[in-house]
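Each chain is listed here by its residues.
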Amino acid sequence: MDFRLNEEQQMLQDTVARLVRGEYSFEKRLEYSETELGFSESFWKQLGELGLMAVPFPEELGGFGGTGVEVQSVMTELGRGLCIEPYLQSVVLGGGLISQAGNEQQKEQWLAGIATGETQVAVGLQEPQSFYNTNDVETTAEKAGSDYVLNGRKAVVIGGHSADLLVVSARTSGSSRDASGISLFVIDANAEGLDRRSYPTIDGAKGCDLFLNNVKVGADALLGNEGEAADVIEYQVGRAISALCGEAVGVMEVACDLTLDYLKQRKQFGVPIGKFQVLQHRMADMMSELEQARSMAILAASVADEPQSDERRRVIAAAKNVISRSAQFISEKGIQSHGGIGMTWEYNFAHYAKRLVMINHQLGDDDFHLERYAALLEAN
Amino acid sequence: MNMNYTAEELAFRDEVRAFLDAKLPEDIAAKVKGFRKLSKEDHQRWQKILSEQGWYATHWPEQYGGVSWTPVQKHIWDEESCRYGVPRSIPFGVNMVAPVIIKFGSEEQKQQYLPRILSGEDWWCQGYSEPGAGSDLASLKTRAVREGDHYIVNGQKTWTTLGQHANMIFCLVRTNTEVKAQEGISFLLIDMNTPGITVRPIITLDGEHEVNEVFFEDVKVPVENLVGEEDKGWTYAKYLLTYERTGLAGIGLSKAALTHLKQLASRRVKNGKPLIQDPTFSQRIAQVEIDLMAAAISNLRIVASVEGGGVPGAESSMLKVRGTEIRQAINDLARRAIGPYAIPFAEEEMDQAYDGEFLSDPDAAPLAAHYFNNRKLSIFGGSNEIQKNIVSKMILGL
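Going line by line, the protein sequences match chains A and B. First residue of the first sequence: 1024, per my numbering; consecutive thereafter. First residue of the second sequence: 83, per my numbering; consecutive thereafter.
Quick caveat, the hints were computed from the structure, so don't treat them as lab data. Keep in mind that the hints are not guaranteed to be accurate.
Said to hold, decoys possible - Okay, the calculated bits of chain A under chain B, using three or more residues with CB under 8 Å as the criterion:
| id | stretch |
| --- | --- |
| 1 | 1138-1146 |
| 2 | 1166-1177 |
| 3 | 1304-1311 |
| 4 | 1322-1335 |
| 5 | 1389-1397 |
Unchecked claim - Dumping the calculated DSSO-like pairs for lysine-lysine here, alpha-carbon to alpha-carbon at most 27 Å:
| id | chain 1 | residue 1 | chain 2 | residue 2 |
| --- | --- | --- | --- | --- |
| 6 | B | Lys130 | B | Lys115 |
| 7 | B | Lys262 | B | Lys156 |
| 8 | A | Lys1298 | B | Lys262 |
| 9 | B | Lys223 | A | Lys1356 |
| 10 | B | Lys192 | B | Lys156 |
| 11 | B | Lys262 | B | Lys475 |
| 12 | B | Lys337 | B | Lys314 |
| 13 | B | Lys302 | A | Lys1298 |
| 14 | B | Lys314 | B | Lys302 |
| 15 | A | Lys1287 | B | Lys475 |
| 16 | A | Lys1377 | A | Lys1051 |
| 17 | B | Lys320 | B | Lys458 |
| 18 | B | Lys185 | B | Lys105 |
| 19 | B | Lys185 | B | Lys156 |
| 20 | A | Lys1290 | B | Lys475 |
| 21 | B | Lys352 | B | Lys156 |
| 22 | B | Lys115 | B | Lys302 |
| 23 | B | Lys320 | A | Lys1298 |
Note that the coordinates shown come from a computational prediction; the quantities given were computed from them, not determined experimentally. Heads up, the beta-carbon is just placed ideally off N, CA and C, and yes, glycines get one too.
Generate the whole structure from the sequences, applying the supplied hints.
In structure tokens:
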């Protein structure tokens, strides 16, 4: 048993850490966030040039062949820097779905660009009514000759405002919430009939809702078998949850460090406020939450690439439940420990705090995953 | 990153399972799994079996009759023995005073006491806490004054677990009142049959006699019963506490309690369906199972770090808090699972030998009492608040 990263994994994580340190001061992040693109084009390019976007893809397709552990190593450092580039959406989800379900031609066509960062992908799996349930799909894809015509709306597509390619789920048969009958399509961002309502996100990134009005795509846009995408989506979301756990751990580490520093520096009643036991115990609770989150991130990474099973489903649901709760706990208690300064835009802690709570709203919140876990409970 | 056991470790696990399959008495296991009372005889019977196997003293060097398990092997033993319903070993002799004697005691003390601990001849109890010295242990007042070849001991110890069965007690006593509190404490080994010692039961809120008060009135203790040097007892006490803290998180015990809970909730019925399928209750179970999953990995991370040569530090304190909260949460759910039948205090049904009709589920009777009894988990072994103080001092530097 050994829970340490191996040498290669450590080198990978150090590479990302160096890059983030160089490019991602708090002030620069605010600048990137306010551009039209909504993130740093040069940082994005460097992620590609250093091979970091190729991490999860198979070696025969020019990838690094990395597992959930390597992906987490990257994500943890992106989390520490509070990076707003849509790595999770483009590489882990978008590239991951194509890599998992695409045919040889589709993989050749798209993966190289995704692995260099030339192609940015966004993924639309949610709809206004779906409430985290990726099987709740009302967007339709109707066959018209050999083409498909898509109609519907995809909700909160992070990175969708600037994506070159969109991967969306749509129903080719069945009724709303059926697992069968869901298909995945890859759509060019400039396709006719595709409208976006773009917005900044509360945690500093950008996204959009996608409106599909008679968007026509060819049969070559269908990813995997028609009507059989539910399992593909569930599996890839599992990997994305593992990756998101990695990011969350990075964000939590910095949030805890900042809070601890503040407890040591800030003086009231003539002493550092960290001398007060009520604040010490709260800080100890935050560290304990971080440890639980680390443990579950490790466990999630260990099942991320395993074949699907109820055990994998349970671990993924448990990991997202724990991470979401830890993240929100550290966010709220961290703000409280900082007092007024923790509420200000100009202090970086507040931005970490916002990201931590929004992680709960991505890929299913703690309640959603608790329900999933409860449904999979074994009597023994 | 590797979360698997090696082939050798798996072989050891098989050996443990084979031993428990063959040697663990069924009646004892049933009591443990059902949270029923164990008698002194139950403990001694099991200890004898363990001793014969050579697996009783897992914290001792081999030269004294211990078994040199790696941290991972100890972990495997803990997991398996909890799963099988092995009685928790009474730690005061084998896991507490013995490591102190081995590290700091004289050759004579080693020869006199260690074999008697292994054979079960001596039953030790712990004389640490006093009415005025709980979390602030160093403020203890029990006084030992040297007179010739003896110390004369006067004072009172409390919360003495299973002291009613013990013939030996190890005590922290004050030998010097002129110096800082921590520097005037000595570590004495005292025969419980010495004149002047009185043991009085403390009945806990569940009606149980588990802990005692021990009074010392002009008790003559030979000076050769002093461990190490006079006034250095605090150092030895702290060394002992590191042994006490390992395993206090009780991850294996929580896993066994969770299995018990899920079986119980599968038998109980609410709205015509098994309780385990009730939306609210299944989510409560799910939440505690998820939290236990995370704590179990945190525990493994500590085990792996110790296996790699690290020293368990304040991480164990964090895990003690987390682990005891989880176990209390499981006890809480087990109590809820029997609904109004948590209210009757049917002592006859708590006896494993009971063969009459049960009021409700055969496992129900001890559950409310067990829940109350286990409120102790967050109090003993350094209260959870003290653990947070340790985290804040040792890890956070506050």
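Verification of the hints:
no., hint, verdict
1, 1138-1146, "violated (count 0)"
2, 1166-1177, "violated (count 0)"
3, 1304-1311, "holds (count 6)"
4, 1322-1335, "holds (count 3)"
5, 1389-1397, "holds (count 4)"
6, B:Lys130 <-> B:Lys115, "20 Å, holds"
7, B:Lys262 <-> B:Lys156, "38 Å, violated"
8, A:Lys1298 <-> B:Lys262, "23 Å, holds"
9, B:Lys223 <-> A:Lys1356, "40 Å, violated"
10, B:Lys192 <-> B:Lys156, "24 Å, holds"
11, B:Lys262 <-> B:Lys475, "21 Å, holds"
12, B:Lys337 <-> B:Lys314, "39 Å, violated"
13, B:Lys302 <-> A:Lys1298, "45 Å, violated"
14, B:Lys314 <-> B:Lys302, "20 Å, holds"
15, A:Lys1287 <-> B:Lys475, "12 Å, holds"
16, A:Lys1377 <-> A:Lys1051, "18 Å, holds"
17, B:Lys320 <-> B:Lys458, "21 Å, holds"
18, B:Lys185 <-> B:Lys105, "32 Å, violated"
19, B:Lys185 <-> B:Lys156, "20 Å, holds"
20, A:Lys1290 <-> B:Lys475, "18 Å, holds"
21, B:Lys352 <-> B:Lys156, "41 Å, violated"
22, B:Lys115 <-> B:Lys302, "43 Å, violated"
23, B:Lys320 <-> A:Lys1298, "24 Å, holds"
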